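Build the full structure now, drawing on both the sequences and the hints.
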Amino acid sequence: MNNLSEELNKKLGEAVERMPAFPKSVQKILELTRDLNCSPKVLVQVIENDPVITMKILRVLNSAYYRLPSKITSINHSVVFLGLNTVKNIALSIAAIGILPKKNAAGFDVSQYLLHSLSTAAIAKHLGSKIGGADPMDCYVAGLLHDFGKIVFAQFMPEQFKVALETSMKDDISLFTAEQAAIGTDHTVVGSMLAEKWQFPEPLINSIRNHHSEKAGATVMGSCVYAANQISKKMGYGFAGDARVESLPPAVSKHFGININLDVLIDSIGDDELSKILEHAKQFAQVDAS
Amino acid sequence: MKIKFWGVRGSIPSPRAGTVRYGGNTTCIEIRTDNNELIILDGGTGIFPLSQTLLKELPVTANIFITHSHWDHIHGLPFFIPNFIPGNKMILHGALDPVSGRGVEQVMDVQLQYSYFPVREAEMKASIEYVSLSPGETVQAGSATITATLLNHPVVNFGYRVECNGKSLFFTGDHEPYSNIYSPGDESYEEYRGLVEAQERMVFDAMHGVDVLIADSSYTIDEYPAKKGWGHGTFDSCMQMADAIGAKILYCTHHEPTRDDDALEREFAKALERHPRREGMTDFRLAREGIEIEF
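As you go down the protein sequences, you meet chains G and W in turn. Residue 206 in the numbering used here sits at position 206 of the first sequence; the count goes up by one each step and never skips. Throughout, the numbering used here is defined as the position within the second sequence, counted from one, plus 1000.
These are calculated hints, taken from the structure and not from any lab test. There could be a bad hint or two in this list.
[Unchecked claim] Counterexamples of contact, computed for chain G against chain W with all Cβ distances above 10 Å:
(1) ARG18
(2) LEU32
(3) VAL44
(4) ARG67
(5) VAL80
(6) LYS102
(7) GLU159
(8) LYS162
(9) PHE239
(10) ARG244
(11) ASN261
(12) ILE269
[Unchecked claim] Derived lysine to any residue pairs resembling SDA-like cross-links, with alpha carbons at most 20 Å apart:
(13) G/LYS10 - G/GLN199
(14) G/LYS71 - W/SER1134
(15) W/LYS1004 - W/THR1033
(16) G/LYS71 - W/GLY1194
(17) G/LYS71 - W/GLU1200
(18) G/LYS102 - G/GLN283
(19) W/LYS1228 - G/ASN89
(20) G/LYS41 - W/GLY1229
(21) W/LYS1228 - G/LEU32
(22) W/LYS1089 - W/GLY1103
(23) W/LYS1248 - W/ARG1285
(24) G/LYS41 - W/ASP1186
(25) G/LYS71 - W/GLU1137
(26) W/LYS1227 - G/ASN37
(27) G/LYS41 - W/GLY1185
(28) W/LYS1227 - G/ASP35
(29) W/LYS1228 - W/GLU1256
(30) G/LYS130 - W/VAL1155
(31) G/LYS130 - G/PHE239
(32) G/LYS41 - W/TRP1230
(33) W/LYS1227 - G/ARG34
(34) G/LYS71 - W/ALA1198
(35) G/LYS276 - W/GLU1187
(36) G/LYS41 - W/VAL1155
(37) G/LYS170 - G/PHE239
(38) G/LYS41 - W/GLU1256
(39) G/LYS41 - W/ARG1193
(40) G/LYS41 - G/SER93
What you are looking at is a predicted structure, and each value in this text was computed from that prediction instead of being measured. Don't be surprised by glycine CBs; every beta carbon is placed ideally from N, CA and C.
Now the structure itself:
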């Protein structure tokens, strides 16, 4: 039940290729690419704040065609390797598809989803740089993409996803459990299968796959994403359809120190850092826009 | 190995009184292996006069390697005369376009649309084969081995290393040295610096120790700041690169289309003064249409 059929995997992969990006990044990319000499770092920042564009650029980069000796996770690395203009043109071709509609048949709020993804990414990066043992930018990308499966459900299986969202709320069960009942699979499986299909780096695939499992504790990066996801939910930074906050399994919490639980971890990040993270995420998620 | 320059001009053909000595045709380099096998690097307008000389040795097999899809590197291809004559063979190598997802056949398709060119590919009598290469891929063309390396240009651009009987050549196509998009103090500055250094090492390894390096030196160092990010090198960056990789000879090419011969020699001489030569160091030269060397 946890494995997607070959056919569904293919279908979803093709669907994601046609999937539009988030409104703010599409608007920024169109604006930036009107200027021949647009600032490269601003462009990188826009891409890094959009899970759809990041997913698609990593897909190009990590395809068998480029025969990379080691896989690429960061957008900066993509720019060095492929060249700024090629990355810009890929981003532009994605922007040309349109914008991800705010309203979908699943009733899933994409702005709140983006806010959750961006805050999870930034918290994962913060945790990664604090405890060491994982590249902070890799943690960021893994955090940004951890719930990608949900946006795929919302776009391409809205009716079933709607049932899962409602069941999770009504029965107070976690969303991924409700997804398994309603769809036959869950967002961790779909997200990681796409990452695998597109030959993303193994640690990134595993972080997406295990972000609701104690297996996340096998790596520092997986643990950072697991913890960041729960912190983002506990702080109420955006909403990705799952109100339940899970405690940190020992395999995960051990990476952050002895006797560390979610509250202690949140305190250790500090209010200042957390509000900065939220402000930055809000800028891109456009939560206040209609 | 023998090489002959058939086009050394960048961007657009530039025939006029002021460019007679160095030539106005766009990029095209003919290579002959010791077995006289034919390899052609890029299909700028220089490929047209080259193709006329091939009529005396039909049938020909032309192994063409396209560095990238900008016009000045492909716009002579429709006029490659052997394509119209049965019995000839063209094998066109190049990169896949990551934006359209299409292979090197795209450079012919785009140019042979009926509104723009009267002969369709189906009407060409030669056998035409397309080989899309991956970065780092090595292919055999007769007795030569050719390796593609991804360089830095607005579109995917392969530099090619050609090796045959212990001799070697590297042609950059269009290439701008890598630089950091962040400023010191930016959070990502150090990360990016590391990535750039690693990428540059990879490129220099691919060029290492060649007998002949042919490199894009479009600009002077004074012109460069206004052209940063356009994907071209300078005389100085090419000279530094040639010294760093230990090339025996450097040919500066892709001459800026508005630069007349006198100005070209003047700017080259100035760059040479900044990079004085001693015995055993790389020999710096200007590529000129029509010159032929054997090494």
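Consistency of the hints with the structure:
no., hint, result
1, ARG18, "holds (13 Å)"
2, LEU32, "holds (13 Å)"
3, VAL44, "violated (7 Å)"
4, ARG67, "violated (5 Å)"
5, VAL80, "violated (4 Å)"
6, LYS102, "holds (28 Å)"
7, GLU159, "holds (31 Å)"
8, LYS162, "holds (33 Å)"
9, PHE239, "holds (28 Å)"
10, ARG244, "holds (34 Å)"
11, ASN261, "holds (30 Å)"
12, ILE269, "holds (17 Å)"
13, G/LYS10 - G/GLN199, "holds (14 Å)"
14, G/LYS71 - W/SER1134, "holds (15 Å)"
15, W/LYS1004 - W/THR1033, "holds (12 Å)"
16, G/LYS71 - W/GLY1194, "holds (16 Å)"
17, G/LYS71 - W/GLU1200, "holds (18 Å)"
18, G/LYS102 - G/GLN283, "holds (16 Å)"
19, W/LYS1228 - G/ASN89, "holds (18 Å)"
20, G/LYS41 - W/GLY1229, "holds (13 Å)"
21, W/LYS1228 - G/LEU32, "holds (17 Å)"
22, W/LYS1089 - W/GLY1103, "holds (19 Å)"
23, W/LYS1248 - W/ARG1285, "holds (11 Å)"
24, G/LYS41 - W/ASP1186, "holds (10 Å)"
25, G/LYS71 - W/GLU1137, "holds (17 Å)"
26, W/LYS1227 - G/ASN37, "holds (10 Å)"
27, G/LYS41 - W/GLY1185, "holds (13 Å)"
28, W/LYS1227 - G/ASP35, "holds (14 Å)"
29, W/LYS1228 - W/GLU1256, "holds (15 Å)"
30, G/LYS130 - W/VAL1155, "violated (38 Å)"
31, G/LYS130 - G/PHE239, "violated (25 Å)"
32, G/LYS41 - W/TRP1230, "holds (16 Å)"
33, W/LYS1227 - G/ARG34, "holds (17 Å)"
34, G/LYS71 - W/ALA1198, "holds (14 Å)"
35, G/LYS276 - W/GLU1187, "holds (15 Å)"
36, G/LYS41 - W/VAL1155, "holds (19 Å)"
37, G/LYS170 - G/PHE239, "holds (16 Å)"
38, G/LYS41 - W/GLU1256, "violated (29 Å)"
39, G/LYS41 - W/ARG1193, "holds (13 Å)"
40, G/LYS41 - G/SER93, "holds (19 Å)"
Figure legend: structure checked against the earlier numbered hints; hints not met, in rising order: 3, 4, 5, 30, 31, 38.
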